[in-house]
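S.K.: Using the sequences and the hints given, assemble the complete structure.
Heads up: the protein sequence lines correspond to chains A and B, in order. Under numbering that gives the first Met the number 0, read the first sequence as residues 0 to 327, first letter to last. Under numbering that gives the first Met the number 0, read the second sequence as residues 0 to 238, first letter to last.
Keep in mind that the hints were calculated from the coordinates and are not lab data. Glycine residues also receive a C-beta, built at the ideal position from the N, C-alpha and C atoms. Possibly wrong hints are sitting among the right ones.
27 Å max Cα-Cα, derived DSS-like pairs, lysine-lysine [as the list claims (entries may be wrong)]:
| no. | chain 1 | residue 1 | chain 2 | residue 2 |
| --- | --- | --- | --- | --- |
| 1 | B | K237 | B | K157 |
| 2 | B | K130 | B | K113 |
| 3 | A | K307 | B | K136 |
| 4 | B | K182 | A | K307 |
| 5 | B | K131 | B | K113 |
| 6 | B | K157 | B | K78 |
| 7 | B | K75 | A | K171 |
| 8 | A | K307 | B | K130 |
| 9 | B | K113 | B | K78 |
| 10 | A | K171 | B | K130 |
| 11 | B | K78 | B | K182 |
| 12 | A | K171 | B | K131 |
| 13 | B | K182 | B | K157 |
| 14 | B | K157 | A | K171 |
| 15 | B | K75 | B | K157 |
| 16 | B | K131 | B | K78 |
| 17 | B | K157 | B | K113 |
| 18 | B | K78 | A | K171 |
| 19 | B | K113 | A | K171 |
| 20 | A | K171 | B | K136 |
| 21 | B | K131 | B | K157 |
A few chain A residues facing chain B, derived, Cβ under 8 Å [said to hold, decoys possible]:
| no. | residue |
| --- | --- |
| 22 | R169 |
| 23 | S170 |
| 24 | K171 |
| 25 | Y175 |
| 26 | A178 |
| 27 | E181 |
| 28 | D184 |
| 29 | A185 |
| 30 | E187 |
| 31 | S188 |
| 32 | M189 |
| 33 | G190 |
| 34 | V191 |
| 35 | N192 |
| 36 | V283 |
A short, non-exhaustive set of chain B residues, derived as facing chain A with CB atoms under 10 Å [to be verified]:
| no. | residue |
| --- | --- |
| 37 | C77 |
| 38 | E98 |
| 39 | N99 |
| 40 | H195 |
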Amino acid sequence: MKAPRWHIVVIVAAALAFPLIVRSDYYVHMFILALLWVVIGSSWNLLAGYTGQVSFGHAIFFGIGAYTAGLCATKLGISAWWGMLLGGPIASLIGLVIGWICFRLRGPYFALATIAVGEIFRLAAVVWRSLTGGMQGILLMQSFRSKLPYYYLALAIAFGCIYAIHRVMRSKWGYYFIAIREDQDAAESMGVNAFRYKSLSLVVSSFFTGLAGAFYMNYMAFIDPEVVFSLHHISIMAILVGIIGGVGTLWGPPLGAFIMVFLQETFRSSFFGLGPRWVSELHVLVFGLLVIFVILYMANGIVGDWDKIRRLGSSKAGAASASAGKGS
Amino acid sequence: MSTPFFESHELTKDFGGLRAVNELSFHVNEGEIFGLIGPNGSGKTTVFNLINGYYPITSGHIRFQGHTLNGLPTWKICKLGIGRTFQVVKPLRRMTVLENVMTAAFNHTESVVKSRDKALGVLEFCGLADKKDASAKGLPLGDRKRLEIARALATDPKLLLLDETMAGLTPQEQAEGVALIRKIRDSGVTIIIVEHIMRVIMSVCDRLLCINYGQRIAEGTPEEVANHPAVIEAYLGKD
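M.R.: Below, the structure is given as structure tokens:
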């Protein structure tokens, strides 16, 4: 799906105006988290959706970015904001090494390897207490009391990430990434050095994920290994964001990010305090049901199957919409 | 003696205990259409996979324009100027015909504009220009085979390996295919072709090599090979 130019102008304008109109720290906080997931989901999508290398280990890069920022403050005695400069490159470097090892494997075997490497990083961060502080985590002071600076910074990172991926996908790299996804053997016979281009995809992907991690450290001012290196809260969530929105589409992960964050928050807060407390236990279940629904009826995600959804909306009581409608 | 354009010297490939290609030596001259024939399972596609670097070579060596290809990765062999098509076509399904060919055309350029120009030219050459925006997934077989050829051509090969590009096509499509192959050769590309359809092979090739059980049984002009007793025996059996 290609969003026309005026759509993008509207989105940017709305995003810039949002915190000035909605003067609620709570909603601005929600949007900051959603923007963070836009970055993580889009980065994951570059590697998994466009290049076909499904990663279950993006928490590695998020965690590396977050700890880079945290350690700047605790070990180097400089501001954690330096992590915003260092977090991306260091995550990319680690990505290169992980790719060098794991890109020997194809398909599901690559995915399994990334789970293993992700767990290694999580456990290392728990055990290596002299460096990371172990399960105590890292606690800093927030730089700003207002949420506005964080909001605009997150917005800049999110748009920067989407724009970078957009540019990459329209260059030679993009053609090569998709060729590798579609058929690695055919790609190699056309002169594509698959190992090199998979590594490049991973470098860009891990850079932005690391940047998101560094931002998270500065914004939340607290991290521990179970939060930032988490398999299900980060790595799996990145995959869900991609699948719900649409794998291999530019605007799928951003849409998926907002849906997931607001769904999660709606249930976590028991419908903003209106529902009974036990509803808050349901959010994982709802994620599961949503994924099942999307896989059954919109295998390409909301953006990927947008034309199909629109047709369903316009054909009123067609047989197809009746059968698909039951799922909701 | 000058070094040949392309040479396979005592090429051997073992799959476990099975010798698929057995000390096969042959050479191809620049500008030639060289046919590789043999009964099913005689090792023709395996030879392509060895040239192309898909399989590691057990022993012997392959030389192309002074380069030894042994141990080189597939993409580097393509960069040196060897393009190939696949017997079982491998379209990049979720890309258009143009995008498929552009991917190949990036072989010697970084520029999207140059790659697009090159790809459009190749599509025109192969008679696929009117299908450039079609999804590769939905193409009929004849066009998929053409797309294979177009993609290989877009990498700017000096040597083109065609693996059964005519199989499954109608006589009309075959005739067009033969014309296309001649046109490619006339544009200065040397061709090695594996094909089962004898009418195609006999009409298009300058020289033929017939193999069975991975071994040479006859080499020469199409007439010489077709009338060779060992070739007739390999295809029809002894009476």
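S.K.: Does each hint hold? Answer for all of them.
M.R.: Hint by hint, here is what the structure shows:
A hinted pair counts as satisfied when its Cα atoms are at most 27 Å apart, and B/K237 with B/K157 does not qualify at roughly 40 Å. A threshold of 27 Å between alpha carbons decides the hint, and for B/K130 with B/K113 the separation of about 20 Å falls inside it, so the pair holds. As the CA atoms of A/K307 and B/K136 are separated by approximately 19 Å, the hinted pair is consistent with the 27 Å bound. Of the pairs offered as hints, the one joining B/K182 and A/K307 is violated, with about 44 Å between alpha carbons and a cut-off of 27 Å exceeded.
At roughly 16 Å between alpha-carbon atoms, B/K131 and B/K113 fall within 27 Å of each other, so this suggested pair holds. A distance of roughly 10 Å separates the Cα atoms of B/K157 and B/K78; the hinted pair therefore holds under the 27 Å criterion. Of the pairs offered as hints, the one joining B/K75 and A/K171 holds, with about 17 Å between alpha carbons and a cut-off of 27 Å not exceeded. Between A/K307 and B/K130 the alpha-carbon distance is near 24 Å, which keeps this suggested pair within the 27 Å criterion.
Proximity of B/K113 to B/K78 is assessed by CA-CA distance (about 17 Å); at most 27 Å being required, the pair is judged to hold. Restraint check for A/K171 and B/K130: satisfied, since their Cα atoms lie roughly 22 Å apart, inside the 27 Å limit. Between B/K78 and B/K182 the alpha-carbon distance is near 22 Å, which keeps this suggested pair within the 27 Å criterion. Note on A/K171 and B/K131: the hinted pairing holds, with a Cα-Cα distance of about 18 Å set against a maximum of 27 Å.
In summary, the hint linking B/K182 to B/K157 is supported, as the alpha carbons are separated by about 14 Å, within the 27 Å threshold. With a C-alpha separation of about 23 Å, the suggested pairing of B/K157 with A/K171 holds against the 27 Å cut-off. Taken as a hint, the B/K75 and B/K157 pair is honoured in the structure, with Cα atoms around 14 Å apart against an allowance of 27 Å. A C-alpha spacing of about 25 Å is found between B/K131 and B/K78, which places the hinted pair at or below 27 Å, so the restraint holds.
For a cut-off of 27 Å, the pair hint linking B/K157 to B/K113 stands: about 20 Å separates their Cα positions. Taken as a hint, the B/K78 and A/K171 pair is honoured in the structure, with Cα atoms around 16 Å apart against an allowance of 27 Å. Straight-line distance between C-alpha atoms of B/K113 and A/K171 comes to about 11 Å, which keeps the hinted pair within the 27 Å bound. The suggested pairing of A/K171 with B/K136 holds, with an alpha-carbon distance near 22 Å, which does not exceed 27 Å.
The hinted pair formed by B/K131 and B/K157 meets the criterion: a straight-line CA distance of about 25 Å does not exceed 27 Å. Look at A/R169: its Cβ gets to within about 7 Å of chain B, closer than 8 Å, so that hint holds up. At its closest, the beta carbon of A/S170 sits 6 Å from a beta carbon of chain B; the interface hint therefore holds under the 8 Å criterion. Checking A/K171 against chain B by beta carbon gives a least distance of about 5 Å; that is within 8 Å, so the hint holds.
Restraint check, A/Y175 versus chain B: the minimum CB separation of about 7 Å is within 8 Å; hint holds. Interface restraint check for A/A178: the shortest CB-CB distance to chain B comes to about 5 Å, inside 8 Å, so the restraint holds. For A/E181, the interface hint holds, the least distance from its beta-carbon to any beta-carbon of chain B being 4 Å, beneath 8 Å. Checking A/D184 against chain B: minimum C-beta separation of about 7 Å stays under 8 Å; hint holds.
Checking A/A185 against chain B by beta carbon gives a least distance of about 4 Å; that is within 8 Å, so the hint holds. With a least beta-carbon distance of about 4 Å to chain B, the hint placing A/E187 at the interface is held under the 8 Å criterion. Residue-level restraint check for A/S188 holds (minimum Cβ-Cβ distance to chain B is 6 Å; threshold 8 Å). The interface hint given for A/M189 is met, as the beta carbon of that residue sits about 4 Å from the closest beta carbon of chain B, less than 8 Å.
At a threshold of 8 Å, the smallest CB-CB gap from A/G190 to chain B is about 4 Å, leaving the interface hint in force. With 8 Å as the threshold, the beta carbon of A/V191 comes within range of chain B, its nearest partner Cβ sitting at about 6 Å, so the hint holds. Taking 8 Å as the C-beta cut-off, the interface hint given for A/N192 holds, the closest approach to chain B being about 5 Å. Interface hint at A/V283: violated, since its Cβ lies 32 Å from the closest Cβ of chain B, which is beyond the 8 Å cut-off.
Hint status for B/C77: holds, given a least beta-carbon distance of 4 Å to chain A, under 10 Å. Because the closest C-beta pair between B/E98 and chain A is about 7 Å apart, less than 10 Å, the hint holds. The closest approach between the C-beta of B/N99 and any C-beta of chain A is roughly 8 Å, which is under the 10 Å cut-off, so the hint is satisfied. Using the Cβ-Cβ criterion of 10 Å, the hint placing B/H195 at the interface with chain A is not satisfied: the shortest such distance is roughly 22 Å.
The structure shown violates the earlier hints numbered 1, 4, 36, 40.
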